[in-house]
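Asks: Quick note, the sequences are listed as chains A and B, same order. Last residue of the first sequence? That's 343 in my numbering, and every number before it is there in order. Last residue of the second sequence? That's 647 in my numbering, and every number before it is there in order.
Read the hints as simulated data drawn from the structure, not as lab findings. C-beta: ideal position from N, C-alpha, C; glycine also. Certain hints may be false.
[Claimed, not checked] Pairwise CB distance ranges, derived in the manner of DEER restraints:
1) B:I561 <-> A:R130: 19 to 25 Å
2) B:A464 <-> A:P18: 29 to 35 Å
3) A:D226 <-> B:G476: 38 to 44 Å
4) A:Q195 <-> B:G476: 22 to 28 Å
5) A:V88 <-> B:G509: 55 to 61 Å
6) A:R80 <-> B:I556: 27 to 33 Å
7) B:T357 <-> A:H205: 19 to 25 Å
[To be verified] Facing chain B, according to a computed beta carbon distance under 8 Å, are these residues of chain A, among others:
8) L65
9) G69
10) R111
11) N121
12) A127
13) R135
14) K204
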Amino acid sequence: MEHNGVILTVQDLRKYFPVRGGLLHTVQAQVKAVDGVSFEVRRGEVLGIVGESGCGKSTTARLILRLLGPDAGAVRFDGRDVLQAAPVELKAFRRQVQMVFQDPYSSLNPRMNIEDAVAFNVLVHGASRRAARARAWDVLNKVGLRAEQFGRRYPHELSGGQRQRVNIARALVLDPKVIILDEPVSSLDKSVQAQVLNLLQNLKHDLGLTYLFISHDLHVIEYLSDRVLVMYLGQIVEMGSAEAVSATPLHPYTQALFASAPSMNPDERLERPPLMGDPPNPINPPSGCRFRTRCPHAMEQCAATSPALLQVGSHERYVACYLYSDQTAPGSAMHDLQTDELI
Amino acid sequence: MLHDRSDVTALAQTADERLEGPVGKPLSYWQLVWWRLQRDKVTLAAAAVLLGIVLSAVLAPYLAPHAPFQGSIRKRLAQLGTPSHVLGTDEQGRDMLSRLLYGGRMSLVAGVTPVLIAFLAGSTLGIIAGFVGGPLNLLIMRVVDIFFAFPSILLAIAISGALGAGLKNTIIALSIVFIPPIARVAESVTTQVRGWEFMEAARASGAGTLAIIRHHMIANVLAPISVYASTLISVSVIIASGLSFLGLGVSPPNAEWGLMLNTLRGSIYVNPLVAALPGVMIFMTSMSFNLLSDGLRDAMDVRL
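Use the sequences and the hints to build the structure in full.
Replies: Below, the structure written as structure tokens:
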């Protein structure tokens, strides 16, 4: 076990997808989907990962579960290296770290009724058929689907919210320690989202779970997370407690992200989007800081080298931006940000 | 700490003990399919007709009132309803009913066997191509594409022309004709199913490749392939008869519906009803196979 209740450690994780093309199907370029991501998940917390589509959030989740093989880096669960694990160990690891998938439609086998779908995970780990079904019924009831009523139904007979409950049940059935939630509510209506989020919060409380919660919806992240991690083009740009990051976002990207979330107050709504254009092509990211092409504070230095993720202030606040590092040249954009008010 | 799997087993065991009474037996997939089929009248009718045709072909030696090759010059081209020749006689005075019964054997064998062979070979190739992917997929699918360059009837004629006439060669030719389309369907279905999130979810639960293939892959892949293959049976019956009609399939004096249609061609103005009988049999068989496969597809698709 590692110090002060860290349950999952991700260290310098990298995944480059080759882009093949041409007559001979050769590797022509690489998409740097995840490029040097490091963070820790503490026992019992909800760590939110935010970012635009394509910033590497889901890839990170799949790398942690070893559904994809990383090109470099390490993932440690309870101090053990998952990436070097033998098949038997990997199976035990996957039992403890489960995932809820984004699409409630394609994540359930259309030819399997939901009780079999949930029981399958238990069967895989060596329980008897009867015991597996009983355990599935237990968990289905726990997520609010009465097993007597729903157990034999097929996915197409359920609504999106009900399917997502089945997905959660399938993750819970193995009694895991950590659940990775990959945009679990983004394809549901707002009212159903709230139900599912409340269910997730209750389950976490009752079962002492740890969540790695991936979303592009800032409201959802703020509502559920203890700590937030902001990703941009495969890298972490900011990390800190949920309150601190939402109250005083430091990185220009995080600031733009929070400014772009529609406010509940109609008078505060923006006329123009805070960020123009699309993120750059990850096959050919900008030199230095990857955000500099869209950053209002970009400096010469930003094009030269990429800023490291460094601690800012006293609390556990990390940001990868030259605006907050000592290396910044005097007289830069520093003064118009009023750093002392931010922390 | 990494727990061992006995934890889950124990957990499931306690859950089992806490439940009152036995956990009810759920309706399995095939029970559901059967239940749906029973409510589909058209499919049941097609199945009944098909069963009648198959049984009469199998039992031909017991049902036929006359020997199928025994002709009589005096009784040539008797009309329908002639005493002792209910369905008339053909141009050599052979009993039509007997020849239709015996002809069904040849036509059914020539129609169904190639599709079975092609189903086995084609779905194996397609599933391997889809599951393994990469260069192997490229190799298999490009070879399949070459066969697609020829229309199926033309390809069948070319192959049986090269191999020579006879039932065996017809079956070989038709099998070769039907492997490519089945392989292509199998490949696309496999690739599609492989990309679904539930396959990834199964992997994330710690299941091994074999368990995933058995529980999540097979039903999702084989159902659409077998439905597609069953629609090919009607085509196969028609092409097999067509080959015989052209003289490339079963050779005289054997009875086969396509061949009979050809030999009775000359009598169509003299005795049109009798001359049409083999065609009616081909039509009924082909139609029944088609309706049955449609009904099976509907019954097997749990999403409908």
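Asks: Check each numbered hint against the structure and report the violated ones by number, ascending.
Replies: 4, 9, 14
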